[in-house]
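These protein sequence lines are chains Z and R, in that order.
Under numbering that gives the first Met the number 0, think of the first position of the first sequence as 0, with each following residue one higher.
Under numbering that gives the first Met the number 0, think of the first position of the second sequence as 0, with each following residue one higher.
For the record, the hints were derived by calculation from the structure and aren't laboratory data.
Please note: incorrect hints may appear among the correct ones.
[As the list claims (entries may be wrong)] Computed beta-carbon distance windows for the label pairs:
#1 R:Glu213 to Z:Val89: 14 to 24 Å
#2 Z:Leu131 to R:Val53: 45 to 55 Å
#3 Z:Ala36 to R:Arg227: 21 to 31 Å
#4 Z:Pro272 to R:Thr290: 28 to 38 Å
#5 R:Ile315 to Z:Asn309: 58 to 68 Å
#6 Z:Leu88 to R:Gln209: 31 to 41 Å
#7 R:Arg123 to Z:Leu88: 24 to 34 Å
#8 Z:Val89 to R:Gln209: 17 to 27 Å
#9 R:Thr290 to Z:Leu56: 23 to 33 Å
#10 Z:Gly182 to R:Pro208: 26 to 36 Å
#11 R:Phe46 to Z:Met306: 32 to 42 Å
#12 Z:Gly182 to R:Gln82: 20 to 30 Å
[Stated by the list, open to error] Stretch by stretch, here's where chain R covers chain Z in the computed footprint (C-beta under 8 Å, at least three residues):
#13 41-55
#14 182-194
The C-beta atom is built at its ideal place from N, Cα and C for all residues, glycine as well.
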Amino acid sequence: MSVDLDDPGLQAPPDSPNGHVELAPMRPGALRWNDVAIFLGAAVSSLSLVWLVYERLAPTSGALGFLICWVLTFLLVYWIVVREVDGPLVATDKLVAVGIGIVAVGLLVPLVSILVYIIYQGLHALTVGFFLRDMTGISPQQPASAGGAAHAIVGSLEQVGLALVISVPIGITAAVYMNEVRGRMTRAVRTFVNAMSGVPSIVAGLFIYAIWLLQFHHSFSGFAAALALSILMLPTVARTAEEVLRLVPDGLREASLALGSPEWRTTWSVVLPTARSGLVTAVILGMARAVGETAPLIMTSFGTQTMNWNPFSGAQQSLPLFVWQQYQLGGGAVGTPGFLRAFTGAFALIMVVLILFVIARLFGRSKFSSR
Amino acid sequence: MDDAPGAALATSDAAGPRAISRNRTTADRVYRGVAAAGGMVTFVVLFLIGLFLVIRSVAALQVAGLKFFTTASWPPALTEHSQFGIAAIVYYTVEIALIALAIAVPVSIATALFIAEYAPRQIRKPLTSLVDLLAAVPSLIYGLWGFFYLQPKMVGISEWLNMHLGFIPIFQVTERLFTSSPFIAGVVVSLMVVPISTSVMREVFSQTPQGEKEAALALGGTRWGMVRKVVLPFGVGGMIGGSMLGLGRALGETIAVAIIISPLLTISPHILQSGGNSVAAWIALRFSESTGGLPLSALMAAGLTLFLLTLGVNVIASFIVSRSRSGSGIEI
């Protein structure tokens, strides 16, 4: 909306000559002190009311319930007050706006809660040895300071690396087909990529187990895990890469073709380099998805207690699998060595995901990949 | 204009303008072929997944027949004569997914509307990033947090629901054990569904024609009136499609559910009570003890069921989004 509300022609005259009461001019989007006061007043009064009833009068307790009651009471009080001041139409409008805002901002609560809880619990048992030692000869009863997850970290790096080598070329090729070549099967390929992104991770694991271990008689290995992970990464990479390629200006393609380059040369030397930073984002987002996957690893790399540098032979550990197995050894009880090891692993895992995510955002900020 | 300089030049060395060849060079044909092959890998993989799951589940399906889908029990040691099936497991999978959707759909619609219509322009991008970050948190982390941190807090809410809304059948319990319930699993799964549904709905809402929105406001509508009469009807396809994509994700959720739920093989409608199941979690939990022959084949059959279920839901979802007015320009 480009109407300038400060335009003098739209304002009511300051003093009406014929003595009629003029309503003050009002900008619909403007924030009035009145509104802020009503908002804060409703928040404080509902907080006091809920505290009195919830904590003192009713036999209820618990922070989560308190928060829910407070939000509901606040919305009710706010609606009643705005209705008194501005009428029912405005009251409904503002109630919805505030309610939607609370829900959206409320999404931060679980996110922050997860990060804080995992980091808090993980830092408890974090030692340097966690990154240097494996679990060879460590019994589950030994304290969490014994042993470490070096074997899991190495396994995760190798498996995700191999999965990248498999899925990134295929994913970007598929994206090139969907956006640059636009052949007869473009719609079909897009549907398949969408369908593939919905494949549950456990099914990817079962499939690799059925084809790689049962059909071709290989044993558990990091490579089998990488195959399963690349099934999960491929659609993420393909979809994100396609979105990025779509942002490359058509003028660049046409300029290249007009200069006489063949299509492959245009894609290889103009389109892909232009989209480079966005493609890096696509790859990193795929990595972030793959590094935390647990379910397919149970039936492909199986997990082990000792360091296995070779991803092509023998069972291999990885961070999510380490966390899962330690959680099971801990038996769901708080404070056991298994619990502490699981949370230290979870801490390392979430740090990796956070770092990957931040790198992806930084790369994604360059000029061609931002909308 | 016969004497234009260009025309004179062109006619001077040849009989007419150069013929434009529409034939692609060999290199370009190879390039198109390679790209098409890359695209078809997705199809081949999907086909192979279906094929190999079918091959491996034949043994179990031959023993159990169609009763595989109607039997609730799954004895620890499967033999040729045991009764086993996934009725209870599928029932709880759908139950948890529906609980997750009941929470996630309203939250996703509200968040998507907030990002697309209500939020100040400066915080739209950070908010989108935060929603994406929720999607990047591994399922394992959700499970640990849900089990150790959220569950003790949710038990109070479960008790309250049971005490005050206990007349509704699903809120009844037969024994007062409120941990590891489908309700708590559903709440945790809903957090994983929200980012997926939100991103689809946000895309759709932001495609609403500016002219229609301005027309609603110019007619004197409030912002809520504009959203209710223009944005929501326009985005209805995206809302349905986004919810179904979320359903697909919720059905396939493995580790978080495996951590929270305590496996149960009898069908019970009490969502607040301990005990539930999910196909994916069941496979993950039973895999290590299901070596060889029939037990493994039965798990493969369960995996095949899950694969077909999620595939169907996802294909219908993308069909709905791409056929709706709002989603025609959107890929999900």
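Q | Violated constraints from the hint list, given by number and in increasing order | A | 4, 5, 6, 9, 12, 13
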